[in-house]
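Throughout the sequence shown, residue numbering follows my numbering, covering 244 to 664 in sequence.
In case anyone wonders, no lab produced these hints; they're calculated from the structure.
Careful, some of the hints might be misleading.
As the list claims (entries may be wrong) - Pair by pair, the computed Cβ-Cβ distance ranges are:
#1 Arg414 - Ser249: 18 to 26 Å
#2 Tyr352 - His495: 26 to 34 Å
#3 Tyr342 - Ser376: 18 to 26 Å
#4 Ser425 - Gly542: 38 to 46 Å
#5 Phe271 - Lys558: 17 to 25 Å
#6 Arg414 - His598: 35 to 43 Å
#7 His609 - Lys558: 21 to 29 Å
#8 Gln486 - Tyr352: 33 to 41 Å
#9 Asp309 - Ile452: 40 to 48 Å
#10 Lys652 - Asn489: 45 to 53 Å
#11 Lys558 - Arg416: 27 to 35 Å
#12 Arg414 - Arg551: 18 to 26 Å
#13 Tyr493 - Ser257: 13 to 21 Å
#14 His495 - Ser425: 51 to 59 Å
Claimed, not checked - In silico BS3-like pairs for lysine-lysine, Cα to Cα no more than 25 Å straight-line:
#15 Lys349 - Lys535
#16 Lys535 - Lys479
#17 Lys652 - Lys597
#18 Lys520 - Lys479
#19 Lys652 - Lys558
C-beta: ideal position from N, C-alpha, C; glycine also.
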Amino acid sequence: MVQVLSLPLFITASISLILSIFFILLYFRLKFRYEESVRYYLIFALAALTSSIFFSAFAVLVNSADNLNYLNVANRLTVISAMFTIVLSLHFYIAFFQYKAPILLKWCYAICACFSILAVVPNQYFLSKAFYSTSQYYTGLMYGPLFQMWGAWILILAMYCIFILVNVYVRQRRRHENGATSTVQLLLLANLVWMITGVSDTFTGIQVIDFPPLTWIGSFLVTCSIAWILVLHIDKLYEERRQLNNRLMYDHLTQAFSRSFLEIRLTDVINSISRNKLHGLSVCVFDVDNFKTINDQYGHANGDELLRQITTIIKENIRPSDCIARLGGDEFVILLPDNQQENNAVMIIERIRKHISESLYGIGDHKFNASCSFGIVSATAEHLHFNDLPHQLLSCADEALYSAKHQGKNAIGVATLSDLS
244 MVQVLSLPLF ITASISLILS IFFILLYFRL KFRYEESVRY YLIFALAALT
294 SSIFFSAFAV LVNSADNLNY LNVANRLTVI SAMFTIVLSL HFYIAFFQYK
344 APILLKWCYA ICACFSILAV VPNQYFLSKA FYSTSQYYTG LMYGPLFQMW
394 GAWILILAMY CIFILVNVYV RQRRRHENGA TSTVQLLLLA NLVWMITGVS
444 DTFTGIQVID FPPLTWIGSF LVTCSIAWIL VLHIDKLYEE RRQLNNRLMY
494 DHLTQAFSRS FLEIRLTDVI NSISRNKLHG LSVCVFDVDN FKTINDQYGH
544 ANGDELLRQI TTIIKENIRP SDCIARLGGD EFVILLPDNQ QENNAVMIIE
594 RIRKHISESL YGIGDHKFNA SCSFGIVSAT AEHLHFNDLP HQLLSCADEA
644 LYSAKHQGKN AIGVATLSDL S
């Protein structure tokens with residue numbers, strides 16, 4: 244039985260060590276590179292490291308029935324690491340769930356430190372350096388009354404973990420946080436198993452029952468449960484970051500690119516021209532003709548639907564290298580990078596203008612026609628000397644747009660940077 248048990252103990256120790264290293268590295272990366280507040284990652288990493296020590300020491304303990312020196316060191320390491328594994332898990336629950344504990348953690352750590360000092364030095368009150376056959380499965384050291392107090396303290400810590408998790412569960416049920424509730428349920432189940440297996444080993448140690456070692460199973464279950472919850476938390480962090488990027492990158496109404504992304508994209512294209520990766524760039528500014536009248540006559544819902552449909556039409560008629568961005572209101576910008584000498588921007592915009600003017604818009608039975616006016620300006624490498632070229636391009640395209648408006652709307656105005664200067 245002992246030899247069979249050694250392999251799973253060393254396997255669990257290795258897994259816990261790997262988890263510890265992984266989450267320590269992840270903590271430093273998220274903390275210092277992305278400035279994420281993930282202190283509980285470090286707490287779990289320390290808990291996993293302590294668990295690894297516990298599993299390794301326990302593996303030596305169950306194989307040291309004939310070697311008092313090995314048994315002496317392994318038994319004391321098991322006692323200390325088991326205690327700090329629980330208190331670090333307790334610390335993790337308080338930090339991860341942002342729970343205000345009624346008892347300060349520093350007192351838990353202080354009591355554990357006192358028991359650790361007692362465990363280090365052989366004495367008749369805690370652990371003597373003498374064989375004591377706890378069961379047919381493994382042998383421990385002769386223990387005294389303070390060791391029984393240590394066992395009671397371990398039980399108190401385990402019950403305190405469950406107490407905190409129950410309170411967190413109740414709090415999240417009140418807030419209707421279903422996803423978080425299932426997370427707490429998993430931890431509650433793992434901690435209950437941990438406490439039951441711990442009590443089983445305690446009764447075996449004082450020869451009330453004669454069961455094989457089980458505490459390591461409960462401890463490993465808790466370690467894996469926390470690791471899984473942190474993996475889900477990483478996924479949540481990634482999803483929140485993705486949603487934030489989408490909010491910064493896309494306009495929420497039309498799903499065109501945002502003004503912030505337009506500025507970045509425009510600068511990138513100009514830099515590509517300066518590196519001779521692109522021949523030139525055309526910028527088109529356009530808006531909806533009589534958009535206020537449409538809103539007043541058909542309602543803002545139809546006005547919003549019009550903007551969405553126009554955005555869809557433009558996406559269907561531009562190239563993958565092009566992009567459309569919303570400046571605000573009914574005003575948009577289309578960027579058209581050119582890879583060849585001939586400039587096809589006017590032809591592309593004319594196709595878009597015609598498609599928009601020939602389409603029907605609106606929700607339900609409220610159908611209506613609409614048109615847009617466009618202003619186009621182009622730039623090549625010879626224009627790179629202009630100060631603040633992105634701003635110059637947008638301003639010049641805006642002037643061309645107003646020129647199209649004066650032509651009678653539903654038209655295209657074309658300007659050059661030299662016209663603006």
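Right, here's what the structure says about each hint:
Arg414 and Ser249 have their C-beta atoms about 42 Å apart, which leaves the hinted 18 to 26 Å range violated. Checked against the hint of 26 to 34 Å, the C-beta distance between Tyr352 and His495 comes to roughly 48 Å, which is inconsistent with it. The hinted window of 18 to 26 Å between Tyr342 and Ser376 is violated, with their beta carbons roughly 42 Å apart. Hint check: Ser425 to Gly542, Cβ distance near 43 Å, so the stated range 38 to 46 Å holds.
Take Phe271 and Lys558: their Cβ atoms lie about 42 Å apart, and the range 17 to 25 Å is violated. Checked against the hint of 35 to 43 Å, the C-beta distance between Arg414 and His598 comes to roughly 55 Å, which is inconsistent with it. Restraint check, His609 to Lys558: a C-beta distance of roughly 24 Å satisfies the suggested window 21 to 29 Å. At about 38 Å, the beta-carbon gap between Gln486 and Tyr352 stays in the expected band of 33 to 41 Å.
The hinted range of 40 to 48 Å is not satisfied by Asp309 and Ile452, whose Cβ atoms lie roughly 24 Å apart. Between Lys652 and Asn489, the C-beta spacing of about 34 Å breaks the proposed range 45 to 53 Å. Separation of Lys558 from Arg416 is about 44 Å and departs from the stated range, judged on CB atoms against 27 to 35 Å. Checked against the hint of 18 to 26 Å, the pair Arg414 and Arg551 fails, with Cβ atoms roughly 41 Å apart.
The hint said 13 to 21 Å for the Cβ distance between Tyr493 and Ser257, and at roughly 45 Å that hint is violated. At roughly 30 Å, the beta-carbon separation of His495 and Ser425 lies outside the given 51 to 59 Å, and the hint is violated. Distance hint between Lys349 and Lys535 is unfulfilled; the C-alpha atoms sit about 64 Å from each other, more than 25 Å. A hinted pair counts as satisfied when its Cα atoms are at most 25 Å apart, and Lys535 with Lys479 does not qualify at roughly 41 Å.
In summary, the hint linking Lys652 to Lys597 is supported, as the alpha carbons are separated by about 13 Å, within the 25 Å threshold. Proposed proximity of Lys520 and Lys479 is contradicted: the alpha carbons are some 38 Å apart, above 25 Å. Restraint check: the Cα-Cα separation between Lys652 and Lys558 comes to about 22 Å, which is no more than 25 Å; the hinted pair holds.
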